[in-house]
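Asker: As you go down the protein sequences, you meet chains A and B in turn. The opening position of the first sequence corresponds to residue -1 in the numbering used here, with each subsequent residue numbered one higher. The opening position of the second sequence corresponds to residue 4 in the numbering used here, with each subsequent residue numbered one higher.
Just so you know, the hints here were simulated from the structure itself, not pulled from any lab data. Be aware that one or more of the hints could be misleading.
Below 20 Å or equal to it, Euclidean Cα-Cα: the simulated EDC-like pairs (lysine to aspartate or glutamate) are [said to hold, decoys possible]: (1) Lys19(A) with Asp95(A); (2) Lys10(A) with Asp122(B); (3) Lys240(B) with Glu12(A); (4) Lys36(A) with Asp111(B); (5) Lys8(A) with Asp117(B); (6) Lys101(A) with Glu399(B); (7) Lys168(B) with Asp298(B); (8) Lys39(B) with Glu105(A); (9) Lys144(B) with Glu321(B); (10) Lys57(A) with Asp117(B); (11) Lys84(A) with Asp11(B); (12) Lys5(B) with Glu105(A).
Simulated coverage check for chain B against chain A, where a stretch passes if three residues somewhere in it have a Cβ under 8 Å from a Cβ of chain A [stated by the list, open to error]: (13) 36 to 44; (14) 104 to 111; (15) 339 to 350.
Restraint-style ranges between C-beta atoms, simulated for each label pair [what the hints assert, rightly or not]: (16) Thr15(B) with Glu37(A): 33 to 41 Å; (17) Cys99(A) with Glu278(B): 30 to 38 Å; (18) Arg79(A) with Lys87(B): 17 to 25 Å.
Glycine is no exception: its CB is placed at the ideal position from the N, C-alpha and C atoms.
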Amino acid sequence: MAMTRDDLNKLKAETQAKEPKNWIRVGYSTCGVAAGAKEVFDVLTEEAKARNMDLLVKKCGCVGLCSAEPLVEVNIEGAPRVFYGKVNKEVAHRIMDEHVCQKKLVENHIYEI
Amino acid sequence: MKQILMQDTSGTLKKELRDLYVSFNSHLRDNGLADKAQVVLVSDIGVHNKGMVVKVLPEGFIYINVQSTHIADIVAKTVVNGAKVDALAYERPNKQMRIVLRHCGILDPESIEDYIAHDGYQGLANALAMGPEKVIEEMKKSGLRGRGGAGFPTWLKWNLTRAVKGEAKYIICNGDEGDPGAYMDRSVLEGDPHAVIEGMVIGGFAVGARNGIFYIRAEYPLAVARIQKAIDVCYAKGLLGKDIFGSGFDFDVEIRLGAGAFVCGEETALIASVEGLRGYPRPRPPFPSVKGLWDKPTVINNVETLANVSYILFKGGEAFGKIGIEGSTGTKVFALTGKVKNSGLVEVPMGTTLREIVFDIGGGVFENRAIKAIQTGGPSGGMIPQEFFDTPVGYESLQKLGSIMGSGGMIVMDENDCMVDISKFYLGFCVDESCGKCAPCRIGGVQMLEILKKITQGKGELDDLEKLSEIAEAMQRASLCGLGQTAANPVLSTMKYFGMEYEKHVINKKCPAGKCASLVQYSINKERCTGCGLCARNCPVNAISGDRQTKYTIDMAKCIGCGNCYEVCKFGAVLRQ
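Whole structure, please, built from the sequences with the hints as guidance.
Answerer: See below:
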């Protein structure tokens, strides 16, 4: 089933239309994984599921600031989009509690990239 | 709701930061604005060495050198009215530009839909519609040069392979990244595998190859897994295999693993390795473009080059050619490591200066120590001293300084790094990795390394320096491949720019940076010593003895010069000479 250019554009438009409003991206390259991204990703997905939220948690490549891995980018309606660096389990829980639910930024972990 | 982010970017205003934080909060509370704004301490505000920095979101205004007297102004103007306080405002220069890393950290590398939603495979569709000649024409307009190190124009490489007659041709993606401290290719393979595959298919189409091979080192398991997954899904979607986009063009891709030998990054050795032979380079010509894999015309492109290709065919060569400087177009990804605050990957347009990369993006040196040099190009590159930090980065400009662009490793050295020791490290790396086929590299490297060891042990003689340059020249001229030809570069460039350090090692038997253990003597100043005993507890050979009354002393017979005591002493009582 060869793809045509029309198929490609259709798939592009469909995927773009499905783009979720609220998302969290976890840096999941070797640098992130080595720094503990798996644990962070697991906490975030579990919490999102447990709270039954309209929130996509996805794995991504490395954004570049490897010294601050694991890096997590959070985009929630009603709060600014920010990067959190050096995230561990506790910080991941705080991101869900404070940023995602209360729309308040988590202190001491924000990195501007 | 607004957010007031703040950070002390000087690293010295801990108390002031606390005070500012408290005052901001109380000011907001007193004015009944507590639920209108949140004050947040952040780790990195993206501005360096500008005192206390405050950033207000969502406007994104940045204020520098903020003091408590400014609070009322910031709150009244920005928090309440959304206006800027011009007197404090600062525009953060945006030095980075993402082309190769355009999707890294943004899309899910394991989802082809995500890649397609971000304009993926549009470049390939364009290429197949325009035909091979026009693709090469487009590449020529872009001015893209190979990102693996040598900087050969990509369109020319493709054109050479295209011109050779023959049914079977190959395109290989060189993912054998081996420079110490460099990992941009790994990051691209892991973060945006489809962009590299797309670039490869375009390249294959342009040169007339029907088979593509990813040569990736086995130490990159995640990169291999993601590329494999991407290849599989491409086959399932019909983006690889027969009749791609109904153009009649067939293309197959497979992965070959490398065992991690540095020499296999050299193209003829890489081809030997893919063929299942020992990774030995062979003399060129014939060049791989004429006689490569299985003796068929082969084009070899680096990961970063291919990631650029998919972008160029999507956006057009002309637009790409406008980025960067004359002769070096586009951007370059550097792996910024060493004694720099923010280590990681940076992508800048060609022509950005080294100073901008290290200080504006990297945030400067650890603990604000003095920077000594920047190493570029890995073991084939050289050391660039302070006075040339304003050089715009480009293939020719770095070569003029006795270094190279290389694949993009950039290691920052500070005053505690000894240049003789560093060049010993790089040379040692090349000696380890030398395949041993040709004598200049096999013997010359070992001999140079022996001399450097001698010098760092304080046994150097004056004519050793001459011998070093002599052997280096022989290696440069007579070695078979790039590894041997460039192995001496770190030594030559440090001798050129830091000749004084070599002389101090040889003549005065001293290591100015205090790195070479045999040339350094440690002693304890009894007046400064408080008798805490921290040094004694950190001495690995129990050479330090004493107590709170008599203070501590170092037994020189036992001391191995590791410098642990010097590092841990909080009172500056350990002296290094």
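Asker: Could you tell me which of the numbered hints above are not met by this structure, giving the numbers in increasing order?
Answerer: 6, 17
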